[in-house]
Amino acid sequence: MLNVGKIEEGFVLDHIKAGQSLSIYHHLKLDKLDCTVAIIKNARSGKMDKKDIIKVECDIDMLNLDILGFIDHNITVNVIKDGIIVEKKDLVLPKEIRGVIKCKNPRCITSIEQELPHVFLLADEKKEIYRCKYCDEKFDKISFYKY
Amino acid sequence: MRHLMSPLDFSIEELSDLFDLAEDIEKNPAKYAHACDGKKLATCFYEPSTRTRLSFETAMINLGGSVIGFSDAGSSSAAKGESVSDTIRVISCFADICAMRHPKEGAPMVAAEKSSIPVINAGDGGHQHPTQTLTDLLTIRALKGRLNHFTIGLCGDLKFGRTVHSLINALVRYDNIKFIFISPEELRIPDYITDMLKQNSIPYKEVIRLEDTIADLDLLYMTRVQKERFFNEEDYVRLKDFYILDRAKMSLAKEDMLVLHPLPRVNEISVEVDEDKRAAYFKQVQYGVYVRMALILTLLGIRV
Numbered sequence: 000m001l002n003v004g005k006i007e008e009g010f011v012l013d014h015i016k017a018g019q020s021l022s023i024y025h026h027l028k029l030d031k032l033d034c035t036v037a038i039i040k041n042a043r044s045g046k047m048d049k050k051d052i053i054k055v056e057c058d059i060d061m062l063n064l065d066i067l068g069f070i071d072h073n074i075t076v077n078v079i080k081d082g083i084i085v086e087k088k089d090l091v092l093p094k095e096i097r098g099v100i101k102c103k104n105p106r107c108i109t110s111i112e113q114e115l116p117h118v119f120l121l122a123d124e125k126k127e128i129y130r131c132k133y134c135d136e137k138f139d140k141i142s143f144y145k146y
Numbered sequence: 000m001r002h003l004m005s006p007l008d009f010s011i012e013e014l015s016d017l018f019d020l021a022e023d024i025e026k027n028p029a030k031y032a033h034a035c036d037g038k039k040l041a042t043c044f045y046e047p048s049t050r051t052r053l054s055f056e057t058a059m060i061n062l063g064g065s066v067i068g069f070s071d072a073g074s075s076s077a078a079k080g081e082s083v084s085d086t087i088r089v090i091s092c093f094a095d096i097c098a099m100r101h102p103k104e105g106a107p108m109v110a111a112e113k114s115s116i117p118v119i120n121a122g123d124g125g126h127q128h129p130t131q132t133l134t135d136l137l138t139i140r141a142l143k144g145r146l147n148h149f150t151i152g153l154c155g156d157l158k159f160g161r162t163v164h165s166l167i168n169a170l171v172r173y174d175n176i177k178f179i180f181i182s183p184e185e186l187r188i189p190d191y192i193t194d195m196l197k198q199n200s201i202p203y204k205e206v207i208r209l210e211d212t213i214a215d216l217d218l219l220y221m222t223r224v225q226k227e228r229f230f231n232e233e234d235y236v237r238l239k240d241f242y243i244l245d246r247a248k249m250s251l252a253k254e255d256m257l258v259l260h261p262l263p264r265v266n267e268i269s270v271e272v273d274e275d276k277r278a279a280y281f282k283q284v285q286y287g288v289y290v291r292m293a294l295i296l297t298l299l300g301i302r303v
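Chains as they are written, first to last, in numbering that gives the first Met the number 0: chain A, 0 to 146; chain B, 0 to 303.
Since the hints were derived computationally from the structure, they do not count as laboratory data.
Check each hint, because a few of them may be wrong.
[Claimed, not checked] Restricting the straight-line Cα-Cα distance to at most 25 angstroms, the calculated cross-link-like pairs of lysine-lysine (DSS-like) are:
| # | chain 1 | residue 1 | chain 2 | residue 2 |
| --- | --- | --- | --- | --- |
| 1 | A | 140 | A | 16 |
| 2 | B | 226 | B | 158 |
| 3 | A | 94 | A | 46 |
| 4 | B | 79 | B | 113 |
| 5 | B | 197 | A | 137 |
| 6 | A | 40 | A | 87 |
| 7 | B | 158 | A | 103 |
| 8 | A | 125 | B | 197 |
| 9 | A | 103 | B | 113 |
| 10 | A | 137 | B | 158 |
| 11 | A | 101 | A | 16 |
| 12 | A | 16 | A | 94 |
| 13 | A | 103 | A | 125 |
| 14 | B | 276 | B | 248 |
| 15 | A | 140 | A | 46 |
| 16 | B | 158 | A | 94 |
| 17 | A | 126 | B | 197 |
| 18 | A | 101 | B | 113 |
| 19 | A | 31 | A | 88 |
| 20 | B | 177 | B | 253 |
| 21 | B | 26 | B | 143 |
| 22 | A | 103 | A | 87 |
| 23 | A | 126 | B | 158 |
[To be verified] Pairwise CB distance ranges (calculated):
| # | chain 1 | residue 1 | chain 2 | residue 2 | range |
| --- | --- | --- | --- | --- | --- |
| 24 | A | 56 | B | 205 | 57 to 67 angstroms |
| 25 | A | 125 | B | 158 | 17 to 27 angstroms |
| 26 | A | 105 | B | 79 | 21 to 31 angstroms |
| 27 | A | 31 | B | 303 | 53 to 63 angstroms |
| 28 | A | 140 | B | 171 | 19 to 29 angstroms |
| 29 | B | 255 | A | 73 | 22 to 32 angstroms |
| 30 | B | 251 | A | 128 | 22 to 32 angstroms |
| 31 | B | 13 | A | 48 | 35 to 45 angstroms |
| 32 | B | 13 | A | 73 | 52 to 62 angstroms |
C-beta: ideal position from N, C-alpha, C; glycine also.
Just need the whole structure built from these sequences, with the hints factored in.
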């Protein structure tokens with residue numbers, strides 16, 4: 000089995016659904032960070048059978064928890080200091096998600112208005128449905144993972 | 000500062016106040032004739048809509064105010080590529096309130112975010128047309144005396160008709176409303192609406208033929224069944240007569256049933272029905288002016 004060493008300072012995103020780590024890597028803009036990032040795909044998991052893990056050696060403040068909560072609020076966020084877990088962050092579905100996903104409705108004003116941010120609001124917490132703030136178009140979460 | 004983007008922006012208590020004001024305007028028009036002296040309404044219509052624009056303009060003129068604006072995008076700076084955000088910033092320097100119609104959904108909301116004057120959504124693509132819904136509600140309240148305890152039939156194109164969707168969303172906030180959806184299979188009410196009704200335990204049924212249900216209705220809201228919505232000519236020819244309201248169908252209806260229609264009518268209501276005292280669709284146009292007058296006063300914070 001492949002072994003990736005523990006990190007001393009940073010955070011670990013655990014229990015990521017298998018196959019989604021690269022999408023999360025891009026949406027959290029981890030590629031822009033000048034620090035060590037390890038992506039582990041298809042790790043064995045008692046709870047999930049298979050899971051992905053991302054380990055990042057940088058301050059937790061660099062992480063946008065809203066985006067992560069939007070992607071999957073079941074992901075575990077472990078904050079690491081001196082090699083041990085010092086905090087677990089709870090993720091919630093954000094009420095608003097700004098500049099992360101795009102409205103695909105060609106009739107929406109976001110398709111033509113200059114520099115207008117794409118904003119989605121949580122319309123149904125139970126069903127995890129987000130709608131465009133401007134045109135109410137439902138966001139199809141499946142398309143989000145096709146990064 | 001308040002704007003109006005959706006009919007749900009106002010609580011039912013606020014709507015009640017708005018309709019009280021509209022009914023007072025109807026009874027005492029002279030009292031309001033100078034309420035907006037010196038005020039200007041900008042009608043920014045990026046697509047043509049003669050009736051809605053004229054209704055807004057009439058409302059402002061009736062209040063003693065004046066009107067500026069444009070009636071299609073070609074005669075505005077949008078043709079030069081100006082954004083909605085920039086246009087409303089400019090209009091805010093000229094006028095006290097703005098009514099905006101735009102083919103793009105959400106454009107009036109973008110305007111409202113950047114505006115320093117109240118913005119009224121006068122229709123944004125297939126999305127919202129809140130002043131039509133306010134007009135419908137006021138007409139029902141004024142002529143029926145209530146906005147609860149009735150059975151309403153909605154007939155015609157229930158799939159694409161935004162006025163229908165908007166009216167349903169507004170009516171579900173009132174008690175004891177039963178909906179009957181009358182449409183061909185191709186133009187059925189969308190599932191998200193019936194799901195919402197089920198979740199809220201609001202009774203509804205779907206039928207194909209108007210004759211089968213007209214006797215149960217306290218209100219009949221007619222909409223147009225457009226030929227181009229059908230997959231083939233044969234279905235259109237077979238079904239279109241089910242959705243034409245004529246004297247024979249009206250003879251099956253209750254004596255006090257009201258017929259509403261957002262207009263323009265094409266052929267879905269026979270002209271012979273116009274003489275029927277239950278035909279309320281032209282009165283609806285008049286109530287549209289009263290409710291827009293009340294809305295302008297409310298958003299400008301003017302009390303008379």
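Results for each hint:
no.	hint	result
1	140(A) x 16(A)	holds (14 angstroms)
2	226(B) x 158(B)	holds (14 angstroms)
3	94(A) x 46(A)	violated (28 angstroms)
4	79(B) x 113(B)	holds (20 angstroms)
5	197(B) x 137(A)	holds (20 angstroms)
6	40(A) x 87(A)	holds (21 angstroms)
7	158(B) x 103(A)	holds (20 angstroms)
8	125(A) x 197(B)	holds (16 angstroms)
9	103(A) x 113(B)	holds (23 angstroms)
10	137(A) x 158(B)	holds (17 angstroms)
11	101(A) x 16(A)	holds (23 angstroms)
12	16(A) x 94(A)	holds (22 angstroms)
13	103(A) x 125(A)	holds (23 angstroms)
14	276(B) x 248(B)	holds (15 angstroms)
15	140(A) x 46(A)	holds (23 angstroms)
16	158(B) x 94(A)	violated (29 angstroms)
17	126(A) x 197(B)	holds (16 angstroms)
18	101(A) x 113(B)	holds (21 angstroms)
19	31(A) x 88(A)	holds (23 angstroms)
20	177(B) x 253(B)	holds (16 angstroms)
21	26(B) x 143(B)	holds (17 angstroms)
22	103(A) x 87(A)	violated (35 angstroms)
23	126(A) x 158(B)	holds (23 angstroms)
24	56(A) x 205(B): 57 to 67 angstroms	holds (59 angstroms)
25	125(A) x 158(B): 17 to 27 angstroms	holds (26 angstroms)
26	105(A) x 79(B): 21 to 31 angstroms	holds (22 angstroms)
27	31(A) x 303(B): 53 to 63 angstroms	holds (58 angstroms)
28	140(A) x 171(B): 19 to 29 angstroms	holds (27 angstroms)
29	255(B) x 73(A): 22 to 32 angstroms	violated (56 angstroms)
30	251(B) x 128(A): 22 to 32 angstroms	violated (41 angstroms)
31	13(B) x 48(A): 35 to 45 angstroms	violated (53 angstroms)
32	13(B) x 73(A): 52 to 62 angstroms	violated (40 angstroms)
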